[in-house]
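Protein chains: 4
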Amino acid sequence: MSTFGSVFRVTTYGESHCKSVGCIVDGVPPGMSLTEDDIQPQLTRRRPGQSKLSTPRNEKDRVEIQSGTEFGKTLGTPIAMIVKNEDQRPHDYSDMDNYPRPSHADFTYLEKYGLKASSGGGRASARETIGRVAAGAIAEKFLNQYSNVEIVAFVTQIGKIKMSRDPFDPNFHQLLQTITREKVDSMGPIRCPDASVAGDMVKEIEHYRGLNDSIGGVVTCVVRNLPAGLGEPCFDKLEALLAHAMLSIPASKGFEIGSGFEGVALPGSEHNDPFYYDEEEKRLRTKTNNSGGIQGGISNGENIYFSVPFKSAATICQEQETATYDGKSGVLAAKGRHDPSVTPRAIPIVEAMTALVLADALLLQKSRDFGRSVVH
Amino acid sequence: MSTFGSVFRVTTYGESHCKSVGCIVDGVPPGMSLTEDDIQPQLTRRRPGQSKLSTPRNEKDRVEIQSGTEFGKTLGTPIAMIVKNEDQRPHDYSDMDNYPRPSHADFTYLEKYGLKASSGGGRASARETIGRVAAGAIAEKFLNQYSNVEIVAFVTQIGKIKMSRDPFDPNFHQLLQTITREKVDSMGPIRCPDASVAGDMVKEIEHYRGLNDSIGGVVTCVVRNLPAGLGEPCFDKLEALLAHAMLSIPASKGFEIGSGFEGVALPGSEHNDPFYYDEEEKRLRTKTNNSGGIQGGISNGENIYFSVPFKSAATICQEQETATYDGKSGVLAAKGRHDPSVTPRAIPIVEAMTALVLADALLLQKSRDFGRSVVH
Amino acid sequence: MSTFGSVFRVTTYGESHCKSVGCIVDGVPPGMSLTEDDIQPQLTRRRPGQSKLSTPRNEKDRVEIQSGTEFGKTLGTPIAMIVKNEDQRPHDYSDMDNYPRPSHADFTYLEKYGLKASSGGGRASARETIGRVAAGAIAEKFLNQYSNVEIVAFVTQIGKIKMSRDPFDPNFHQLLQTITREKVDSMGPIRCPDASVAGDMVKEIEHYRGLNDSIGGVVTCVVRNLPAGLGEPCFDKLEALLAHAMLSIPASKGFEIGSGFEGVALPGSEHNDPFYYDEEEKRLRTKTNNSGGIQGGISNGENIYFSVPFKSAATICQEQETATYDGKSGVLAAKGRHDPSVTPRAIPIVEAMTALVLADALLLQKSRDFGRSVVH
Amino acid sequence: MSTFGSVFRVTTYGESHCKSVGCIVDGVPPGMSLTEDDIQPQLTRRRPGQSKLSTPRNEKDRVEIQSGTEFGKTLGTPIAMIVKNEDQRPHDYSDMDNYPRPSHADFTYLEKYGLKASSGGGRASARETIGRVAAGAIAEKFLNQYSNVEIVAFVTQIGKIKMSRDPFDPNFHQLLQTITREKVDSMGPIRCPDASVAGDMVKEIEHYRGLNDSIGGVVTCVVRNLPAGLGEPCFDKLEALLAHAMLSIPASKGFEIGSGFEGVALPGSEHNDPFYYDEEEKRLRTKTNNSGGIQGGISNGENIYFSVPFKSAATICQEQETATYDGKSGVLAAKGRHDPSVTPRAIPIVEAMTALVLADALLLQKSRDFGRSVVH
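Residue numbers (UniProt numbering), protein chains in the order written: chain A, 1 to 376; chain B, 1 to 376; chain C, 1 to 376; chain D, 1 to 376.
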């Protein structure tokens, strides 16, 4: 459904052509300074039209806090946020509406709901993610105030063009340790921090744009400074919650944490992360981090990192042989301009969903910490 | 926590050395024939000691239904199931207990709970999965009675040895359409249906067993005959629930559905699944299935298929340089015999978690279907 | 928290002086005709300022649907609704703010959240209920379209003035069978359908208004035409969900269903509701209805009826000896005009919460019905 | 369904004639000493057959902890508990089975589930409450270790015989402040602490037993030493959770907290609880406690007290004119011996459900406290 989280919880609403999109965030700690300025930057990063790499449609996407703050501080009560839709008219039906777009949600929404929203896929709209990003910005501020938690996502692949995300490569871990959003954004809209491939990625996207086609990619995300102990065995392991969150993002097709799919080829003797005592931090740490910062479903205090593949966008202007809802063969070519690669725009969404999972897990674990501190 | 599902819901309990492990399954439809004979086969498939590929420890794992059935029929009330632990003594502490096992849950459980269970990782025990498998068998029977839903998981990779799971290969889809549990089990304990690589997989496992080491692998799972319409946008997309379920299985490190990570390299024009009208089934279907049976978070009536990587087992008898809980450097070599590859045993667990997700989604969708059928 | 329901679910937001109050309703069946006109009437009934019996503050409370409908039909996606606050400024602090109002939420909100909202009690504001009423109107329309479910609440007591709500009185059951909202509203703002006491109730309220005081009352609610089978044993019995809903309404202090507190004095031989076969309806019914329409936590197809006491409003202009937050003794007299009796205004809130419980229970039960229909 | 609670959570199972009844308790803090000896006393108090006031059937009801503890300490993992059923055979059908028992759950269970359990009402069995009581004992121990929380329930009414539970009577508050379980049990099985009426209550029960009839009663419960700040606005107000819990107990028909139904007759000037500064405890307290320890849904640190009416037991051996499932008129007289008053046995169930609500609310609030302590 449209609610996510247990004690830090977001509920979102909105589709393409309704009055507004937004969310209610419940469980935000009281007394935290919070204004629209804390939320707008990530919404702006999510916004299309920032460059020719994404769709030219320029939505303003200004967030308005409706409740839950007073004099710039949170009250502990639900924070509702609204972003107006610029284009609020359900569109006129055209020939294109006779076709369920291949690999889009038109067909399945019809199967589930028995009707077609004007916008086709209803909630399967990129605008649905605005509420997530707004909520995530609040979660992130809380995490940051607690222990300087940093969440940074970036593009590691577009089509066949990849930068290294090899979990056994020390340089990759060096990058994970140092990458910032500023660095990511400094690369332009492609949001790939590896200058040696970023240019090719841009070309890859431009290539498919030229063909009225689209192309997929991979986003990698790192979380730094998260304390150990987060995650609830057995069904709510921290990686399970992260996977749930990531696969709920439109167009995502997978998730891997730490060594992921590649790691299965390594024997335990090489894959295991041995412990050592860190004199500076006065705590046990691991020499390697194939686990991706989570062991047994619980964070271990190392960097958490994971990757999420996003498929090529379903809506393309190229002609596709397909069938109408009525089962007649025909050719569909989408009208309008469409984003050839949603991957770079997924960055703030991945960051937001990560923050929502972690804020919830942190609050829950502090309740556990309390419990254990008072019993005997 | 230890509860999974909304209207079809399982709660599990138990660790390695307590009296029993098991679960309570709530929301099972009333009037379904059900005895231990429906549940035991999958528990037996999960059991170690079936061959030299897995650990020789032979647990009997006989399930006993405690409640919720009468005269061999379900009552609609919670079904509790119990499997006794053979070895119920918390073990004596040894030198090995001074070390948190690298990449196991010993360290993180201590961080979270502030204490060490005798068994080390507490719920991070393979025995925790018994309750899941028992519950999954019930879910599966329900799904099967509804629409002959079939769920078959199999090993597609051990270490570096792979069989094809290429989503763009028609032969792979032919396999997905026809593979059965009988076929999978006919390959022996390796559970890889591709005879051309199964032998090498066995050798790979034997190789690492000989080195007192372990090795990972990949499980692929297909679901056939599931109706369209299942899954709840936006946070409870069907693939998000499946990812949550899979990443909650011990040792899993990822999830990909349909074209997954490979698919990002394909442009939309090739990746999109065009529609056609199936004259026999009198419904729209897709010519290809890169989506993996889910579009926009909702099942489309095609086969669902996904893969899950399992890392090499953390507990190995080979010596590992690591540190004690106290931070002293030292060498740990696990005592006893340990499973060199958990991957083949993960098969019934993957099937069970899949069934639990789908039974819940099906019940929920039928409530949605009802709603839409009465309003105007 | 601020979310209620499982498959038909509302999340509310807003306090007295923020920009707006409202809600998101998730799980509304698709294809139902719905506009603001379906929702406004109950909001208007909830509104203060309708007569001298309630506070003169005249809020317009116009609801705006933000999402989830198109061309006047629901899409099956979340329906967000907003009602602007007329007075959006957090007020200036005055001497009155040094005192936690006795029996209001000022003190407990400070204890819980560590801060004071300008409006004192934060979410403990009558305006919080606007989101509930808006959501309830949708639930009600759905229930009504399904089986002509009717939910009617009315005032049965103000202060010491009571009308009969004796569960053993056939006249009371006759009233329950026939009472309509039109009849209730025809009595004026007092909303008591018994003309023989309604006048005295008005006088009772006027008496306390004259004293700058307030007075409590009781609301009784009946549900007609609800099918049998709703409610989920053991913790989610239908009466448990109703009790939860009613005690979540501000100022409510209790709940009783059917024979309630009075019924305990009757022996089983008199209290039990014997069955008979209703030739007209072709089903088993009960001759009496001391159960209040629910047995064993499950609706039995008879009228559901229950009562809810509302305490006298905490905020009064009369001087009260009390203490400041700092612990100093002093005298508090609230400024402004305050509602001497919230009971009549609670009517649409009681109806709304009832509808929310029942819509959720109905959808859930239809999922159960499906399950039992396909197994064998 | 059969799960209750959010972060401290119980799931129960079992009906009358299955192998066992019991529960899984999830979220218990780790490191708390816990053995069967902590749980058995309340189970024994719940047990029938303790005197001629209740049914002579003597079930042993020995609890066995299955998991979640080691060396007498909790692990933080789920605690499963089992109590064997002595009589595990579904009984042979008799003439009595043709009749749905009036005011029992036989009819509604048939409506909901489409089948009849041998035991008639399935989960609507007194044995269902065993899992609650076992879980409640753990919750209680945790609350007690935290802040010496004391929960004491007692009988205040049987049939027409009442002791004072007048919220405006200082003697009643004196009783609430001092009553103990030892005192309650010292009155014998009637569990009414007022010696001046306890004898008459016993006679009332004996009177109805002699008539093969049954009689209802009221249980009042007090909670002492609970900190302020518990409860989650707006839907999960502490009194709403308590009401939910109480109405989920079989045979309960209502709930009132603090001044309850009587309080509505008092004007605000008398009903409001003024504040004063308690020099000894160094905190604001209220002079009166008509609120019942909760204001705005949040505990205020005063005693919480509430009452719950229990109807006369539905199963009586007296002949009742009623109808068969088939709709034929006839006369039903239950066989066997049945409890003429369930009220005294409800005491430990009320205490258990109270403890479950409070343990969950406490853990949740400590997570809130943490949140507010780290933000700025």
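Some clues are possibly wrong.
Repeated chains share a single entry, so a pair holds when one copy, or any two copies, can fit it.
[What the hints assert, rightly or not] DSS-like cross-link-like pairs, simulated, lysine-lysine; straight-line CA separation at most 27 Å: (1) Lys73 with Lys116; (2) Lys328 with Lys84; (3) Lys73 with Lys84; (4) Lys84 with Lys60; (5) Lys116 with Lys282; (6) Lys73 with Lys160.
If you are wondering where the hints come from, they were derived from the structure by calculation, not from laboratory data.
Consistency of the hints with the structure:
{"no.": "1", "hint": "Lys73 with Lys116", "result": "between (42 Å within a copy, 11 Å between copies)"}
{"no.": "2", "hint": "Lys328 with Lys84", "result": "neither (38 Å within a copy, 48 Å between copies)"}
{"no.": "3", "hint": "Lys73 with Lys84", "result": "both (23 Å within a copy, 21 Å between copies)"}
{"no.": "4", "hint": "Lys84 with Lys60", "result": "both (9 Å within a copy, 22 Å between copies)"}
{"no.": "5", "hint": "Lys116 with Lys282", "result": "between (59 Å within a copy, 20 Å between copies)"}
{"no.": "6", "hint": "Lys73 with Lys160", "result": "neither (46 Å within a copy, 44 Å between copies)"}
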